[in-house]
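**Student:** Kindly produce the complete structure, drawing on both the sequences and the hints.
If you read the protein sequences in the order shown, they are chains Y, P and F. Taking my numbering, the leading residue of the first sequence gets 1, the next gets one more, and so forth. Taking my numbering, the leading residue of the second sequence gets 1001, the next gets one more, and so forth. Taking my numbering, the leading residue of the third sequence gets 2001, the next gets one more, and so forth.
FYI, nobody ran anything at the bench for these hints, they're computed from the structure. Glycine residues also receive a C-beta, built at the ideal position from the N, C-alpha and C atoms.
Derived DEER-like restraints, expressed as beta-carbon distance ranges:
| hint | chain 1 | residue 1 | chain 2 | residue 2 | range |
| --- | --- | --- | --- | --- | --- |
| 1 | Y | GLU100 | F | LYS2241 | 53 to 59 angstroms |
| 2 | F | PHE2066 | P | HIS1123 | 40 to 46 angstroms |
| 3 | Y | LYS79 | F | PHE2066 | 28 to 34 angstroms |
| 4 | Y | PRO206 | P | LEU1217 | 55 to 61 angstroms |
| 5 | Y | PRO206 | F | ARG2414 | 39 to 45 angstroms |
| 6 | P | ILE1109 | F | GLY2424 | 39 to 45 angstroms |
| 7 | P | ALA1434 | Y | LYS79 | 55 to 61 angstroms |
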Amino acid sequence: MSEIPFKNPGWAGNTGEYDLTEAQIRGHDYVGDRPLEGGHAAGAASYPYMLPEKDPEAPLFQGPYQERFEKILTRYPNKRAALLPALNLAEEIRGHVSPETMDRVAELLELSPAYVRGVTSFYTMYNKRPVGRYLVQVCTNISCNLCGAEEVMEAFLRNTDTELGETSSDGNFTVVEAECLAGCGFPTCVQINSEYYENVSTKDVPQILEHLRNLAPGGGSAAASGSEVTPSAATEAEE
Amino acid sequence: MAENGQNTETVTLTIDGRTVTVPKGTTILQAAEELGTTVPHYCYHAGLSSPAMCRLCLVEVEGAPKLMPSCVTQVMDGQVVHTESESAERMRRGVLEFYLVNHPLDCPICDQSGECKLQDYVHQEGREHGRSREPKRIFGRDDFGGDVLFYGDRCVMCTRCVRFMTEVEQKPLLTVVERGNRSVIDTFFEQGLEEAEWAGNVVDICPVGALVSKDFLHKARAWDLDHAPSVCPSCSQGCNIDLHTRDNLVQRLKPRANLEVNQYWMCDYGRGHYEWMNRGDRLEAPVVRESDRSVAMGWSEALEALKTRLQAASGGVKAVVSPYWSNEDIGAVVDLMDALGGGEMVFRSPRAEDESVLPGFPNLARRRDLAPNTTGLAALGASRVGDDGARGGLEDIDAHSGVLIVLGDALVDVTEGFAESAELTVYLGAFESAALADADFALPITTFAEQEGTFTNHEGRVQRFWPGLQAPGAARPAWLVLGALAGAISDHEAPIRADEAFQTLRGRSSLFEGLSYESLGTRGARAGEPATVSGD
Amino acid sequence: MGYPYSHEKEVPILSEHFGDPEARTLEGWQKRGGYEALKKALGMSPDAVTEEVKASGLRGRGGAGFPCGLKWSFMPKDSGKPHYLLCNADESEPGTFKDRELLRWTPHQVIEGCAIAAYAIGAEQIYIYCRGEFFEATQVLATAVEEAYEAGILGEDAMGSGTRIDVTVHVGAGAYICGEETGLMNSLEGRRGLPRVKPPFPAAVGAFGMPTTINNVETLAAVGHILKNGAEWYRQWGTEKSPGTKLFCVSGHVKKPGNYELPLHFPLSELIYDVCGGIRDDNELKAVIPGGSSVPLLSAEEAMSCHLCYEGVVEAGSMLGCASVIVMDHTTDIVRQVRRMAYFYMHESCGQCTPCREGSAWVVKILKRIEEGRGTEEDLDTLMEVTDQMVGTTICVLSDSVAAPVQSSIQKFRNEYLALIRRGERVGVA
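**Tutor:** In structure tokens, the structure reads:
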């Protein structure tokens, strides 16, 4: 885990009361690198990551992902209940949930494709189309809004040179407006892929984006645990 | 509990000041129906589960902190319900106003207009003027495939269609996509309802003009249609239907509720097969062959001539009958044959390879037999010949040297020179028949859509139908024509009303034992079983 | 301790180990007395456990405040069916951020509470339904669950008791309405997260059609402490009707926002001005939302005399909800914030019930128009009437939640609306 080289004052360490590292705050020191095949079945449904590298063509499911999918199935009394975990897993691998993905998941769980479409469209975390390497979700709900969230969102759009919901020309960023992320005490709360960035102000935005650009291929280490391995690479390694 | 058949307990409650006693487990909405009170509703449908989401059927129940959804709230002893209290009416006015925030006011071009529940309820008790000044949400139109067209803007999101496809047809091809006020009914992208076989029902149960029939699109206004109770002629299930007619043409078929036969449904196959009822190539006058020419004449003259010829004929009688004609019509053929000393009767009927069962109500299927009255024909002594395309099998008939009577079957597969050796050929038909162009007698009869009568369905249920169309020219019901002939030959009184014709069937088959035309009502009955109450 | 700030007036029970990474681990948790309560509970009869919780008066921390022990006692005995315990970790009420802290700092505290509750209600399977966005917290929780399985705390023979207790970490996918208990059940079952009509209640027909109890994370986290120390111990804090301590999530215009664990009946004014260090820039207080965005706003005056317990906030004219205190200073543009909250509910409405589906969108359109200076005074009457038609007419209370901020703001800050409508004046805009 790398320390983020910019100031993020919302973290406890910065209030002067707690002396914590980023890894401790995020829990990475405790979690470590969890295995792609899902570890104990009890937690197998628990980790969809949002990874910078996606493979929209990756098979559903193969290798360690197939193993994880099968573990998930063991935890529910019927296949239907595995629908959200299965879609989460598919999105983790492919980056978004396309009609083909819905169709395949429907087949795996013996549901109708239309049913799966109905469920998928109900939930906002399923990207209906491809997003950039980093999905930047800026909370603009009340608590963050009171503290300038809309300006923060503007700053993300300006600094990535994108429109809301669109992907930047370098393929790095998609900025969207999010509803309350349950980080109200740390406004503005921004979720970037799997990680929360807290107490983000407009002046932090260029630094955050710079940091993320550095993580891009050739730019530095990966952002989230497990993200060193791309879905297709993992599958190939398993085969 | 209730499922164990001990559902004899009753509950007495008061609805709008009137007392009603209903079985335990009944909902308030159903109990109100018993009293003739319809609580306005959209999402509730007797044939589907109740999600209680339209919120229109909320009623005041004394002692309850909030208005209660009458479609799912079960009755309780001593309950006092008000469906028309100030709070219930105010709430309904509010909900109706909510619908109109986005519903387009396109009634002048909407097929549902005149039979639209939104129109009805708003006229009944909606606000005079809506208060919304905001632009309306636009979804546009979508072809769902099959016969179904979707107008998204008109949808009231009752989800009856989704539930029908999920619970009744059990092919979940429809879903609600998105959520909140972006919710819209849709299929799986480009996949439509093509593989559905019962999807036409979603048009029927749509309370507004969101789902409409392409076949019926802009064909007629609802208030210009006449409705005649009838029975679907497209298979042996005998779904109860209404013929919707205008300008003496059948415009569409709609299912008519019969909980024992078809519940509220009918299949797309049956629904789509009505054009033949509107055919124009009809026999319109009795035509009698005289040496080398055909002469049209009046009924009495023609029947007099036929009676003479029949009485003079020898060599026995054979008849080809059609399963699209009523029990009474076929019974009259039997009467005539009896009067002539007996004979043989065959029929041909199309058959599908298999049945198409409705999973949510498996008593209902598009049956293999694609004609409405094969059971009735068999009961009256006709034997099936020919293949599953209703072709062939007429070798014996072709070779017959006596009297040949053909009723209804236009013998479309028959080549020239058919039945040349027959002494006398009589064709009673609705449509012109090339094979029988030279018949000695060609007599115009009515189709089921133009006359009263009964069909016997695959399980022996005898069901009445009523005329929806006027018969062309001099066409008359076959039972009337043949009955008169048989009566004249054997010197019996001939039936002149349909119920009298039905009476003659008794004793001909156990299927008609103990049944009376009256007791059949609008929903039919089976011999030996108590008749269901009609008109409910 | 409060996180990221603490205060001496706090009573840190649930939050004692916030900010202490060692407490996350099984070893660290056990060192701090962890799983003693579960051990004790497994030695008692399930009914005795329920009775203890009942006696403590612990009320549900998810918003409704329903007595926890009473809820457990609704579960059928010897139903012959599988029972389920659902832990509601789909925290998404705007202003609320306590469950995420509980999950990421004290996952074993949550697991322990879940296990005790499951034992009490006869459930062998627990689903912890985590909000989809909580990637990091969920990882921590899942790791803790794995540890608990390895140590034999969970599994076929939980702590050697012969009782099976399984935990499955389930993850949502972004829908506020799945925080509603029956919406959560539908979502868990792989359906659209539509709230269900009640009755039947979850204790009779819940998840997968089986008897089910659903509790909030914070409620379950408190259970272990009550079992360990006794109901009387817990009742030393709070009031008769609102016993114990509560995590208060303070956000908005205070100097030190964050979670603070305080006894119920704590004065709101003291929370803002003492515990949280006062209003930012020492500005003037304008309004407070005491329980998350679903409850009515309190004016500054109402807030000053308000005591933070279930009955106290009702007396002040609002509801405690999940104790999410959103503080607004005098620079706040009330109309804009109310519009933002209404927009949230429009976005999150599941779309089943007509009043909510149509009403929430209509309300947003009117508010937007007012905000843009194109409103009329009549619009305010329309807003009041339209939101009135949204209260008590739907399956769940999301619809009522639209009415709360709209109606209370028009009642209490009518002048701000009128200033916009009549003169185009907006607060906070130069």
